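S.K.: Chains A and B supply the protein sequences, listed in that same order. According to our numbering, the stretch in the first sequence is residues 8 to 153, in order. According to our numbering, the stretch in the second sequence is residues 289 to 670, in order.
Hints are computed from structural coordinates only; laboratory data are not their basis. The structure displayed is predicted, hence computed values, not measured ones. Incorrect hints may appear among the rest.
[To be verified] Straight-line alpha carbon distances no greater than 25 Å define the calculated DSS-like cross-link-like pairs of lysine-lysine that follow:
{"no.": "1", "chain 1": "B", "residue 1": "Lys-506", "chain 2": "B", "residue 2": "Lys-650"}
{"no.": "2", "chain 1": "A", "residue 1": "Lys-113", "chain 2": "B", "residue 2": "Lys-429"}
{"no.": "3", "chain 1": "B", "residue 1": "Lys-429", "chain 2": "A", "residue 2": "Lys-115"}
[Said to hold, decoys possible] Not close to chain B: a few residues of chain A, all C-beta gaps over 12 Å, as computed:
{"no.": "4", "residue": "Thr-22"}
{"no.": "5", "residue": "Ser-110"}
{"no.": "6", "residue": "Val-150"}
A virtual CB, placed ideally from N, CA and C, is assigned to each residue, including glycine.
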Amino acid sequence: MSAAKQIPIAEGLFTWPSNDPRLLGSRCSACGIVTFPAQKSCPACSGQNVETIELERRGTLWTWTIQGFLPNKPPYIGPETAESFRPFGVGYVELPNQVRIESRLKCKDPSKLRIGMEMELVVEKYVEDDAGREVMAYFFQPVAER
Amino acid sequence: MVDVAIIGIGIHPFGRTDGVTGLEQGVFAARQALKDAGLEWSDMNFAYGGSAAAGAADTMVSKLGLTGLQFINVANGCATGGSALQSAYMAIKSGMFDIGMAVGFDKHPRGAFTVDTQSGGLGKWYGDIGMALTPQFFGMKIQRYMHDYGITEDTLVRVAVKNYRNGAKNPNAWRKTPLSYEEVATSQMVCHPLRKYMFCSPAEGGCAMILCRADKAKELVRKPVYLKAVSVKTRPFGSFEVFSQSQALERTDTPPTVLASRAAFEMAGIGPDEIDVAQLQDTESGAEIMHMAENGFCKDGEQEQWLRDGVTEITGRLPVNTDGGCLANGEPIGASGLRQVYEICAQLRGEGGERQVPRELKTGYTHVYGAPGLSGVTILAR
Numbered sequence: 008m009s010a011a012k013q014i015p016i017a018e019g020l021f022t023w024p025s026n027d028p029r030l031l032g033s034r035c036s037a038c039g040i041v042t043f044p045a046q047k048s049c050p051a052c053s054g055q056n057v058e059t060i061e062l063e064r065r066g067t068l069w070t071w072t073i074q075g076f077l078p079n080k081p082p083y084i085g086p087e088t089a090e091s092f093r094p095f096g097v098g099y100v101e102l103p104n105q106v107r108i109e110s111r112l113k114c115k116d117p118s119k120l121r122i123g124m125e126m127e128l129v130v131e132k133y134v135e136d137d138a139g140r141e142v143m144a145y146f147f148q149p150v151a152e153r
Numbered sequence: 289m290v291d292v293a294i295i296g297i298g299i300h301p302f303g304r305t306d307g308v309t310g311l312e313q314g315v316f317a318a319r320q321a322l323k324d325a326g327l328e329w330s331d332m333n334f335a336y337g338g339s340a341a342a343g344a345a346d347t348m349v350s351k352l353g354l355t356g357l358q359f360i361n362v363a364n365g366c367a368t369g370g371s372a373l374q375s376a377y378m379a380i381k382s383g384m385f386d387i388g389m390a391v392g393f394d395k396h397p398r399g400a401f402t403v404d405t406q407s408g409g410l411g412k413w414y415g416d417i418g419m420a421l422t423p424q425f426f427g428m429k430i431q432r433y434m435h436d437y438g439i440t441e442d443t444l445v446r447v448a449v450k451n452y453r454n455g456a457k458n459p460n461a462w463r464k465t466p467l468s469y470e471e472v473a474t475s476q477m478v479c480h481p482l483r484k485y486m487f488c489s490p491a492e493g494g495c496a497m498i499l500c501r502a503d504k505a506k507e508l509v510r511k512p513v514y515l516k517a518v519s520v521k522t523r524p525f526g527s528f529e530v531f532s533q534s535q536a537l538e539r540t541d542t543p544p545t546v547l548a549s550r551a552a553f554e555m556a557g558i559g560p561d562e563i564d565v566a567q568l569q570d571t572e573s574g575a576e577i578m579h580m581a582e583n584g585f586c587k588d589g590e591q592e593q594w595l596r597d598g599v600t601e602i603t604g605r606l607p608v609n610t611d612g613g614c615l616a617n618g619e620p621i622g623a624s625g626l627r628q629v630y631e632i633c634a635q636l637r638g639e640g641g642e643r644q645v646p647r648e649l650k651t652g653y654t655h656v657y658g659a660p661g662l663s664g665v666t667i668l669a670r
């Protein structure tokens, strides 16, 4: 099987290529506030001395919803059609001592989502672009119960 | 400094009006407001106006008359109408002008708003992946609020039922059919926990007001309404707002609505318990619930009891969204904030018809919220 070329959905969102990808944020040297995506100034103190850091890959679900209708295309580029669309989860995942990240969730069942549950980062194929490349995006999924 | 009065109000019915452009709906509202004030367009010193999707407001001079007045376009998301009003207020308050107009209108295509991620300061990827959708934010904000303060789905349903019931009494509303508790509670889930009939829809409409120096108002009209406070605030660090790709762990206890509300109450010199009737942004049921607390009318979590006790009904202690709010009127972005003020003026003048609050009203309050996290508040009095 020949591996298709993989590209990230945007440069600078997460480390790529990588066997253990991490989201990239910025931390303000003056006040310590962490922001995602990484930006060049601090939204809290307006400081411009910020560093890019790799974020934690596990956190807890802070809030969530289920997107129940097909988003308008454009801007949406998901592979679904009106017929094939299935609702998908979206939420904020709180990374300890860092920041809450807005993310699509690898779970669309309201009965399986609970504020406070453990979540972990995955980077996987989202869609194929016109050139046949796999567009990689980040998601959070519930940590499997042990 | 001089005080400011609203001496004329005009509205083009909200909803869907095929064959009439958004701008024409704005012109219709402007002419109505002038007629209401007994004035001509040529009497206006200035105008502030805006629309999000129906063209530049200042082009309406070619329909209303080329008088050479100062006309400034305003673009501030869902707070466009509120911002136009704020600008008109300041123009008179400053002493620069005596009389002018604030106008807003819009005409949006059917379906959810399409968001231009890049003009919104967001990465293209955010729209690509399906997160640039306002209904998601509303679902996620109320989901957390329900978790934190014990609000149940019952309250979400009651807000919607109330607003459609009020809309049915408003000849200018879009949705004039009351919906039963059952119909709202079993409607299609859109963004959990919010269902179809808990959301407003993009729509069309126009609204206009004539403002003048308060000391001239009584010479011109019998029932001026005084603008006691106007405030527009943007989001401070640590508030949870629409289109936030991330949020700070520390949460502020003063999101933009709280900032705008407190500033307005301070300006007016009164407190929330002295407001007789209110219009609170109800983009969906959850927003009205959270905005009741953010505007200082109740404590977080008390909404459950308030809705059950009918406190916010037309017959209650603090009627909220007597014209049916965004839920029954839809959301033409440029016009919504002014619709709220129109309704409070109508109530204070005793011209609310079937939806008139059946007791003496002295003060009213409006609150509008828009992307990417700003709030506009006004306090009005007879």
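S.K.: Hints first: check each against the structure and report whether it holds.
M.R.: Quick rundown of the hints versus the structure:
Between Lys-506(B) and Lys-650(B), the direct Cα distance comes to roughly 17 Å. Compliance with the 25 Å bound is thereby established for this hinted pair. The suggested pairing of Lys-113(A) with Lys-429(B) holds, with an alpha-carbon distance near 20 Å, which does not exceed 25 Å. For the suggested pair Lys-429(B) and Lys-115(A), the alpha carbons sit about 18 Å apart, so the restraint of at most 25 Å is met. With a cut of 12 Å on Cβ distances, Thr-22(A) stays outside the contact zone with chain B, its closest approach being about 15 Å.
Not every C-beta of chain B lies more than 12 Å from that of Ser-110(A), the closest at about 8 Å, which undercuts listing it as non-interface. Every CB of chain B lies more than 12 Å from the CB of Val-150(A), the least distance being 20 Å, so the non-interface label holds.
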